Amino acid sequence: MSDLKDLVREKLKDGVDAFLCLKDEEGTLLPALITDADSPELELVEAGGARYPMGKILIDLLREYPGKRFAVLVRGCDERALVELSKLEQVDLDRLVMVGLACTAEEARACGCTRPYPSEIALGEKAEAAPGRETIEEVEALSEAERLRWWKEQFSRCIKCYGCRNVCPMCFCKDCALENPHLVEPGVIPPEFPSFHVIRALDMTGRCVDCGLCEEACPADIPLRSLYRKMQEIMEEKLGYRAGESPDEKSPLSFLGSEQDIEKLEREQ
Amino acid sequence: MVDNGKELSYRLVPSTCVYCGTGCGVLLEVMDGRVTGTLPQKDHPVSWGALCVKGWAVHEFVHSERRLTAPLVRSGGELKETDWDTALAAVAEGLSRVAKEHGPDAVGFFASARCTNEENYLLQKLARAVVGTNNVDHCARL
Amino acid sequence: MAEESATRNEDDIRILAFLCNWCSYAGADLAGVSRLQYPAKVLDVRVMCTGTISPYFVIKAFQEGMDGVLIAGCHIGDCHYLKGNYMTAKRFQVLREALKFLGIEEGRLRLEWVSAAEGEKYAEVIRSFTEEIEKLGPSPLRRKRAEVGA
Amino acid sequence: MTNSIGELEDAEVILVVGSNTTEQHPIIGERILAAVRKGAKLIVIDPRTIHLSSFAEVFLRPRPGSEVAYLNGLANVIISEGLEDRDFIASRTEGFEELKKAVAEYTPAKVEEISGIPAQDLVAAARLYAGADRASIVYCMGITQHTTGTDNVLALANLAMLTGNVGRPGTGVNPLRGQNNVQGACDMGGLPNVFTGYQRVDSEEAAAKFEAAWGVEGLSRKVGLTITEMTEKAAEGELRALFIMGENPMVSDPDINHVRQALEKLDFLAVADIMDNETLRYAHVALPAASFAEKDGTITNTERRVQRVRKAIEPVGEAKPDWEIVCAVARKMGASGFNFLSPEEVFEEIRKVTPSYAGITYARLGTRGLQWPCPAEDHPGTPILHAESFPIGKGRFTPCEFREPAELPDEEYPLTLTTGRLLFHYHTGTMTRRSPSLVREIDRAFVEVNPADAAELGIRDGDRVKVSSRRGVVEVDAKVTDKVGKGVIFMPFHFAEAAANLLTNSAFDPVSKIPELKVCAARIEK
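Residue numbers (numbering that gives the first Met the number 0), protein chains in the order written: chain E, 0 to 268; chain D, 0 to 141; chain B, 0 to 149; chain X, 0 to 525.
Source of the hints: derived by calculation from the structure; they are not laboratory data. The structure presented is a predicted model; accordingly, all values stated were derived computationally and were not measured.
DSBU-like mimics (lysine-lysine), calculated; alpha carbons at most 35 angstroms apart, straight line: (1) X:K37 with E:K151; (2) B:K99 with E:K86; (3) E:K237 with E:K173; (4) B:K99 with E:K263; (5) E:K173 with B:K82; (6) E:K237 with E:K151; (7) E:K4 with X:K310; (8) E:K249 with B:K59; (9) E:K4 with D:K5; (10) D:K5 with X:K310; (11) E:K86 with E:K22; (12) X:K208 with X:K331.
Quick list of simulated restraints, FRET-style, between CB atoms: (13) X:G461 with E:E145: 35 to 41 angstroms; (14) B:S53 with X:L340: 57 to 63 angstroms; (15) E:F254 with B:G31: 35 to 41 angstroms; (16) E:L92 with B:G31: 51 to 57 angstroms; (17) D:D84 with X:L340: 15 to 21 angstroms.
C-beta: ideal position from N, C-alpha, C; glycine also.
Please work from the sequences and hints to get the whole structure.
In structure tokens, the structure reads:
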């Protein structure tokens, strides 16, 4: 297994202009852009320990520095995010070199995502874990009225920090529906149900890569990830699509499709 | 795409949110010498990777058009731009004159709950050790 | 012909119907000129194509206190814009399942294909949907101001 | 705070009083909700129905200004039902008998008469608070900004001592400090009566210590003036020069018209600020200050955690950090002892003269900070105060008598105006109102009116109304809502163009000198 430091140095020597990964700053892990193979910062790079929205950072970097190429250390979720962002024309994969990091068995278990490793692994060993469906199952076991009460109670704690959106690697719109006063009354907490949270869930459909950063950022511990996960299950079941998996296939919600598809959909209803 | 010649410059700087007294941990995103965003510090002992709406937006006022960017001195009833040396001399002269003519207790200082410990320390030191008054207070009560 | 009611009771159900201009709105018109009887608890919104209906609008309708939302457009293959209603069909599937997971009765959202010639079908859709919503009663999402905290 | 933020989750009962926590200290507010989810019971006492109210086991909505009455009432119920912690009272406190006597007359029935809190609700709250093994009190400006502010705080301290809720995790009396560095500004001697670390200016020993440390002679032993007193003296022409660093009294202070008269009268006013603001109009010199992103330094949060801010960018334009500005002014005045090259050097001097900060260094602060008292470099910091004893040895119960606010509603001004902040803005809005994502949420002043009052006055939701008090008048939108009780109106004070503080009363608490921003008499007209 190679060392992250060597990988960063190697990529920089291979011609990428900068490497985005984590570094340890006074005991705190945070994203860092390494531009020099001889930089003393190289001694501080770390592979694991914390997760940040690398996709989001790359959207800005690629836009700000149009001629530059970047390497980035990616977990399975980061890779899915970049793949999906490329389909949404937010990142140019030709200017990106992904260096894969597999989540540890412990991380994979705690996280419960469906694929806790990237397509090519440069660091770490592939570990599988059962998908985290406990909350979804808990909700599905409830009656309709109980389910509504359950969700309303979860959302009642919301203080509209927008952290779920702000940290989400898949949220990049300049005009956000959550800020549209016709859809969500501004200046009020908790935001009214269902508008704020259901609008966000719908926007995540066919787009969410199940990184879980939203839930990590939520001060109210709202089980957002389970809601968005369920939306992906619906998407897969009804429209046969999972975000971030194939670089070629686009979300069926982003194009009209064929009559056969729709007829099939209506038949299966 | 064409390289725009900009030198790559992106980093995150750990800091503390400056709105309320909770003191949440933030990381300021700095690109090309401008503060462009805020991320939460994941391992912060108060906020543990969460922020409120103000914390997420704490970078937004930094490059506001309303920032004061040059020293101003009043002349002819209007505040006019001047250089630092002139402005500082005017402050020193204004405070010294009143202290000399009316005594140090005719001078007052508002310290600030928005400034750093170091700055508050220096301001009360200025009031007490240089001007000679304990008339120093800040908006703790407001 | 829609049956008029003079006064509106708080408990009365309210339904919002998004009707596509080319088919279902014309179908509704036909039901009207044919003097077909159907309940008047429906507020129409005429849209150029059901494909323009963002799922946000449906959420907004529930937020504003609608007890049921109907989307009616051209049959698959008959869309004036060729494929606009494909998007409607896909979105509907996702939205209905999402509502179900959140505990909102799936019956409160309905999608129907009604052509310009199907006045009778339109009246029947309205009758059966109104009946279903009446059975479900007022939506649990109706705004209750007192519940809103801050 | 006597305790730490994280400990709130260990509490069995949390009493939140005069704090709209999820709006004013959102991340702490969510900690409280996390505690509730873990089974803690919440008591909320506030003149407004707030976000937290809907999570409360008991929610009391008293008339603003009746704090001492209902807090004594809680003590009355605790004592009369024998719910007090006798061991704690015997071993850690003194003055119990006096307290018992003083609160005897504050029966639930009498408290209901004064505060409007139904007697049975007060009893329920008292039982809940006293019945917990670990109960935490969280309070904010709704307690302190009264002419009885000091008594309000003492009455809360009485409750905590009465029930032994001091010095253990999940207990304590926890003021939430409003501004990001209000704790630090106090710690640093930004107060008229103390040097750093609360060393009194009128103590010969402390003054001599600072004379030696600073290499000066003849430091004044006379306690100085508070902000409200300085404003007063400026208006009277006794205070003639003022240096304002990073404050905006023309929006934040009570009775703004009076503040303006005071500022206009000054011979000399210097202001250092990051933004163009309302106070600048009266300045003779205005100095552009660097923002937190443009300088190094430390700030101290509400749980006494000293934390770093770090320079991320160069100061905008010609701005300079305040520490440089103050040093430069001092040097221009011919002073020595201001030749610092960095904030870290200043901090090194601070810790030499401040025992509670003595063990703190920039290196130790890192990215997680340290809680004072931290007397030595090998000391881990102090998450909980008063674990073994109080600074004065035994905790002293202080009986407090209910006094009415300085200004009560009357025929001319029949309503009680109370003020506060909103989630989306901060203080005078100089920062938040330059922040697009916050302005998008709300950027207009309003007044909340109870539907019954609104009906009487013929005011509908959204109407433009005039709110007036003896001191001024402002025009704002009416929000008709039952969040406020009948007879009470609420205004946020962020909005300079319709400043609530044109209306507020500058009458202040005799001890703490805090102005009564939470109660004044007002009137609304269309």
